[in-house]
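**Student:** Sequence:
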Amino acid sequence: MAREVRFENATGVSLAGSLELPPGRVRAIALFAHCFTCTQASHGARRVSTALAAQGIATLRFDFTGLGKSEGDFADSHFGANIEDLVAAAAHLEATIGAPSILIGHSLGGAAVIAAAAHIPSSRAVVTIGAPFDPAHALHHISAEDAARIEAEGVGTVAIGGRPFRVGRDFLDAVKGQDQATRLAHLKKALLVLHAPTDAVVGIENAKAIYDAAKHPKSFVALDGADHLLTDVERASYAASIIAAWVEPFLLPAKSPDMLPEGCVRVGSGEGPFVQLVDASGHTLLADEPLRSGGGDLGPTPYDLLLAALGTCTAMTIELVARAEGIPVEGVEVLLRHERRHADDCAAAAGGRPRLEILHREIRLDGNLTPEQRDRMLVIANKCPVHRTLESGPTVETKLVD
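Quick note on the numbering used here: the sequence shown kicks off at 33 and runs consecutively.
Since the hints were made in silico from the structure, they are not lab data. Treat the hints with care, as some may be off.
[Said to hold, decoys possible] Straight-line C-alpha distance at most 25 angstroms; calculated DSS-like pairs for lysine-lysine: (1) 220 with 250; (2) 240 with 220; (3) 208 with 240; (4) 247 with 220.
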């Protein structure tokens, strides 16, 4: 699931990004840099980020200055500015969910993460995908005539990939003379080089140059059959699976400064009319309303979560007591139902009508239990902590905070 984020770079420009969060506990944090003139919505950025999230690695992909949803003028951006944007993105992650231990760059973004790695102390592993050895490779997209005009006038519009971009003289100057060989030699971080042997945009010789310049630990994996932009879903997922497996020894656990203690839950608005992001002691999940109620059906409803709390607590309590008392319970299944949908319940409350508060719970016990043991388990089910909390009619204290 993606959470939209915004943060400022060193010059105060607001940058937009998407933080792909795992469905469960965050194992580590990654920062993804997109390809030249691409955005966070590019095939490679989206597919690799979502696949990494499925592996428990929260991944931030964002638009560099002047691209996508980020503010600023692309004409004012350049390779050095990209590095500064990456450092700002890493600082945002450290201040919110946790410092990034993995830096991933696609194409020119790969060259950028190599350059930025020294400025992001938390990074322990660097991954390049179809990256050029020399950032000046980006100048291949600009004709000699356009380059001369930009040098003379300070800025000019060029067509890259069929789209017009305003490019400044700083961009032409910044990609020249970048000593990537020295950066790689002093990287002091693990390096993974991913490259398609048939990449028609950035040749495979670039991967060899990057690999040869770096010191161990380093690895190279050929993305057979992939194109430069990773437009194929299977190839992008394969790249992500390789990354997720390779970085395992270098993961830095996520330690958010605002990590909630056990027993606390944070809920915040997500993308969609009803979507909510739920953070429960580092575990993340989505809550939503069904399609019939105007939602996107991207997660359980509030009442689904309530039933799930009762059901899980019931099963856990039964199994705990059964083990303690030597009762041969081999498995527990709890089926729960609430008679009203959340949307109907809210409408009734708004109209002043009493709400129906009946929760139906059916429990199936596996194992060779005597009738007396089954009765004992039923008594225990009715004493589970969540059940007792619901029956006690707890008072909800609410206040507004800044």
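**Student:** Hint by hint, note whether the structure agrees.
**Tutor:** Checked hints:
1. 220 with 250: holds, 10 angstroms
2. 240 with 220: Roughly 19 angstroms between the alpha carbons, so the hint for residue 240 and residue 220 holds.
3. 208 with 240: holds, 20 angstroms
4. 247 with 220: Given pair residue 247, residue 220 holds - Cα atoms ~8 angstroms apart, limit 25 angstroms.
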